[in-house]
Amino acid sequence: MRFKTVCTGCSLLCDDIMVDLEGERIVSTFNLCAHGEEKFIKARGTERLLKPFVRDSNGVREVSLDEAAERAAEILLNAERPVLWGWSSSSIEAQMAGIELAREVGGIIDNTGSICHGAIWFAASESGLPMATLGEVMNRADVVVYWGSDPGHSHPRHLSRYSVLPRGIYTQSGYEQRRVYVFDIRRTRVGKIANTLIELEPNKDYELITAMRLLLKGRKLRVDKVAGVSTKILEKVIQEWKERDFGAVFYGMGLLASRGKYRNLEALLRLVWEMNEYTRFVVLPMAGHFNMIGFNHVAASVTSYPLGIDFSRHIPYSNPGETTFAEMLQRGEVDAAFIIGSNPLLNFPAKLARKLTRIPLVVVDCFKTLTVKHATVAMPAAITGIEAGGVAYRMDSVPIILKEFLNPPEGVLSDADITRIIVEKVRKRKN
Amino acid sequence: MSKLNAYQVYKMLPGINCQKCGEPNCMIFAVKLLKGEKQPEDCPPLIEDEKYKDKLQQLKEIFSPKDAVAETGLVIHPEKCTGCGNCVVGCPAIAAECPLIGSGKGEVRDNVVFRVENGKIKVVDLKKCRRYSPIKTCRVCEMYCFSGAIELRTVA
Ligand code: SF4
Ligand code: SF4
Ligand code: SF4
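Same order as they appear, the protein sequences are chains A and B.
Per the working numbering, residue 1 is the first one in the first sequence, and the count goes up by one each step.
Per the working numbering, residue 1 is the first one in the second sequence, and the count goes up by one each step.
It is worth saying that the hints were derived from the structure and are not from the lab.
Treat the hints loosely; a few may be bogus.
Label pairs and their computed distance ranges (CB to CB) [claimed, not checked]:
1) B:Ala6 with A:Leu21: 43 to 49 Å
2) B:Glu97 with A:Lys373: 49 to 55 Å
3) A:Ser230 with B:Glu97: 39 to 45 Å
4) B:Lys11 with A:Asn347: 40 to 46 Å
5) B:Glu97 with A:Leu21: 24 to 30 Å
Mimicking DSSO-like on lysine-lysine, the simulated pairs with C-alpha atoms at most 27 Å apart in a straight line are [stated by the list, open to error]:
6) B:Lys35 with B:Lys127
7) B:Lys80 with A:Lys192
8) A:Lys39 with B:Lys120
9) B:Lys120 with A:Lys42
10) B:Lys120 with B:Lys53
11) B:Lys80 with A:Lys42
All residues carry an ideal CB built from backbone N, CA and C; glycine is no exception.
Hey, can you work out the whole structure from these sequences and the hints?
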């Protein structure tokens, strides 16, 4: 049977994936990139977490889901500052339930965006966010800029589905009509096919953007080189951009991780705004996890803050740096953590990871990750997008409906259901 | 198959510099093999002498003149392919055949040059490639393959 589905391998959420199914087995897939294919294969792999377990003084013991949820509720209620972390690989239904859970236990809910792409919301609140959907980029953009991001590794189908190669309504000639500019510190994969590759010195993004803004305003620079790039090239780039119809800038972690952090992005947003005096320019994040942007939208609509929301005062409160997970962990403030769809023990710096192993961890995950191995309570979840449905937000904030096409392993529920069960348990305990 | 260098190929040749193939020495023959200008069968000692049988077999496996290579020069290195679909969407022949694929939306068709299957590129109907026409200049798929999985060798 041939089935059309959505891939959740990255935040591009390609919705044209064809899967040939034979009962419960995936025979072949079409249009799926290697990244997504890996995810589909892993779904039936041996690394799946299948049974809930609890760890106590007698060691690890397999328990029923009910008992595990009971224990999780106990841990979260007994903690002073429990943090609910992850949420970037869950459907928005699970995220809604998660916010409910944080409210019930008076904890902090934060998503993985707070250590990477969440910066867009801080930058946007200072300089505004000129955005467009990817469909608009596909139909109109004749300038495509990749700044510190390499879709060749992170979002393989980005160029072929939306930005460079497809032929849209006003871009009938496809790649011939578009010019690709890549700003990066080295020659990346996408750099190989760029019309203009600008290799800047590391940590000089802010400097370069500021110089470009000056050139855009018609000022002359008194130096020949900015951030290792010749001023003449920059003048040419700015001139070319001005003459074009529509530009789309895609920035990635290369911009956000270099010195200046979200200030780099703020500068980039201002440059894009100023470009709008001459032509249309938009900026889009190359978010990683498939529903990272979704959490920020859900949280903002429910609590009015995009991330790092503290419910300990019974009203939502957020102050990035004060109520975000990594910083709280560093200060030793966290005394219990609920981790869903994330593997902080592997991804965090060793110093933080060590602190994490000393506190009780409630982990909800589909796979036996390192974090699951250190969990006090672990609960298996169905893979969203393959075994569980829901809604996720694409990188351009367009909601996409995910469909399930395989049955989850026996007794395994979706992360939305698991979170709701824990909420119920917490409510019961409180009364 | 990772990319071979001429020396590796040279080691699979007899290495006696007999010049029967019409080249000054075996190394040059190896280079021409790599470029696709020569075939393993063009080396007479390899064919005639029994003791080179293993070497010939080895070379044939690597340079087996698949129709693809012979006709359009298309060589695919599947281990490098990321399934990005740049080649599929960029290909002017596919876009002319099926505008929907040309506008970035995946479809499963059997009358296109290639499609992405199981996360890798797969040749479906090479006859559709524009390199069959007398002009033979199209290189779009190679140009936009950022992982270097597509190679268009010069065909004699
Ligand atoms: S680009 Fe991302 S969403 Fe699209 S198929 Fe690849 S992994 Fe899946
Ligand atoms: S050479 Fe041109 S026509 Fe042939 S497959 Fe590549 S892009 Fe298509
Ligand atoms: S462009 Fe290259 S990497 Fe992408 S699908 Fe085609 S062969 Fe594979």
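Checklist entry - Hints broken by the structure, by number, lowest first? => result 10
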